[in-house]
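Student: Okay, here's what each chain looks like letter by letter:
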Amino acid sequence: MFSYCTDPETLSGLTWLSCYLTTGKHMALYGSVFTVLLLLAITAPVALGFGFGGAMAARSNFAPLSWLGKAYIAIVRGVPDIAFFLFFVIALDQGLEWLTHQAVCPDWPDAIRQGNDFVVCPEAKLPSGRAPQYVHEAYGFSLAVLTFAIVFGAFAANTIFGAMRAVPRAQMETAEAYGMTRRQAFWRVMVPQMWVFALPGLSNLWMVLIKATPLLFLLGVEDIVYWARELGTSKTSRFSDYPHPDWRMWYFLALLVFYLGFTKVSEVVLDRVMKRLTKGQATAAGEAQRKAAA
Amino acid sequence: MKKLILSAAALALTAGAALADGHGVVRMGTEGAYPPYNFLNDAGEVDGFERELGDELCKRAELTCEWVTNEWDSIIPNLVSGNYDTIIAGMSITDERDEVIDFTQNYIPPEASAYVALSADADLSGVVASQTSTIQSGYVAESGATLLEFATGDEIIAAVRSGEADAAFFQGSFLEPIVEESDDLVFVGEPVPLGGGVGMGLRESDGELRAKFDAAIASMKADGTLNTMLKKWFGEDQLTF
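So the protein sequences, as listed, match chains H and C. Numbering of the first sequence is given in the numbering used here, commencing with residue 350 and proceeding in unit increments. Numbering of the second sequence is given in the numbering used here, commencing with residue 27 and proceeding in unit increments.
Just chain H, with the same shape it has in the complex (with noise of 0.2 Å):
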């Protein structure tokens, strides 16, 4: 990086750190806080219409919909985070290209099944093997993001489903009085007054969805616990220019100091959002302020 690091032997004290903070390996641990914080900003949103869509499913009157979300809301729940990212990633992975193979090269010869492999024809992989590495990349992470949202979006909507009950029932009876249809009603009375009771149970969801990105390592996605322990561990100085005992704890240290500030700051703006939500409500919390601003 600076030009004073071409022999760091010779070097000591804060120009060796200096060095050594910005080696090829560290600019990926930086990269990687991005990766982390990208897939926060995707599979939040996105989490949160899979538990928006499920709660309305699972509350629908038609009622095979209404199974579908239920049992959507309570399989999702019960499997362990683990065991549904290794399972699911693989099988909806391999369940694509089952689908692009059946319909690229319905002529293929071979099993597709042979023993323990797997084997589609090359026109039918996912990504196809003659793609660079950041296509691999990128399919990946979008794995990542699918499976994070189906997984966080069950516990949304089982959050969701509640809020939507928490409504005051005369409310909607209201609407309905006034002419509204079942529809209006929802949108117009339920789901602008629902948020301030699912807020409570959203923010808990996010606050664990942070928390939980180190799972992306199981599919292959490299996030900051990664580098960190790879970065972290001893290195001789036969294998690298900077070597240096077991620094794991160091390394561990920093990634305790991102994971609090980054809680701490969702912290704030969290309950910004619910001094906001909280405005005008028919809850205890609003007649507080409704009080305190008379």
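Note that these hints are calculated values from the structure, not bench results. Hints should not be assumed to be uniformly reliable.
To be verified - Between beta-carbon pairs, the in silico distance windows are:
id	chain 1	residue 1	chain 2	residue 2	range
1	C	159	H	420	33 to 39 Å
2	C	251	H	480	29 to 35 Å
3	H	477	C	216	46 to 52 Å
4	C	212	H	598	21 to 27 Å
5	C	159	H	585	21 to 27 Å
6	C	208	H	598	16 to 22 Å
7	C	208	H	435	34 to 40 Å
Stated by the list, open to error - Reference listing, derived: stretches of chain H covered by chain C, where coverage requires no fewer than 3 residues with Cβ under 8 Å from a Cβ of chain C:
id	region
8	363 to 374
9	464 to 473
To be verified - In silico DMTMM-like pairs for lysine to aspartate or glutamate, Cα to Cα no more than 25 Å straight-line:
id	chain 1	residue 1	chain 2	residue 2
10	C	247	C	92
11	H	374	C	73
12	H	474	C	92
Quick reminder that beta carbons are idealized off the backbone N, C-alpha and C, glycines included.
Chain H is fixed; fit chain C onto it per the hints.
Tutor: Leaving out everything else, chain C in the frame of chain H:
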């Protein structure tokens, strides 16, 4: 317009021809945490004996290769499900693994594994650390000692230093540079020869690719380049072909 269609058709044809080969890019799967076999260098790239060997093999077999890292624990399942095409990660050829995947001929001769501990009189039948699903951990389990398994080689060493394990049992060439540079670790007892050497792992359905790498390894053995490479990475005492 006609020209466009023609060139598009030509493109599609050449692409089809390349695809018929089966492998446009051969993805080489490795662990990246096992120096001097394979590790990530300061720049974060795969480096080590197997990097140099793999690049040379791909050149000789006229393949385009790309390196990917994968956790050791799931390195075989991910090969089998097609996330990459080869395992080149210091993997010893054993009968158990051979039932699931296929191996090329070995590119490192069978070599000794060794015990390290903090003192020369450590109890080798006490708690012994080794990496999960390796031939060494299998050996420890059968030796009657209490096996303590870890995901990587580094953690084994850390366990010995912290006193969690009485000794560690692992591949000699991995332990050697660590013992050399430390002032606390020593080799204990006699080295134990294990396994059938290190080879590349491939899917059982991938016979064509296996034959290509096999031929490339044979040619490197024949002209002596493999021996030079082994000595470069593992020192002058390394067993050669």
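Student: Run the structure past the numbered hints and jot down the numbers of the failing ones, going up.
Tutor: As far as the earlier hints go, not one is violated by this structure.
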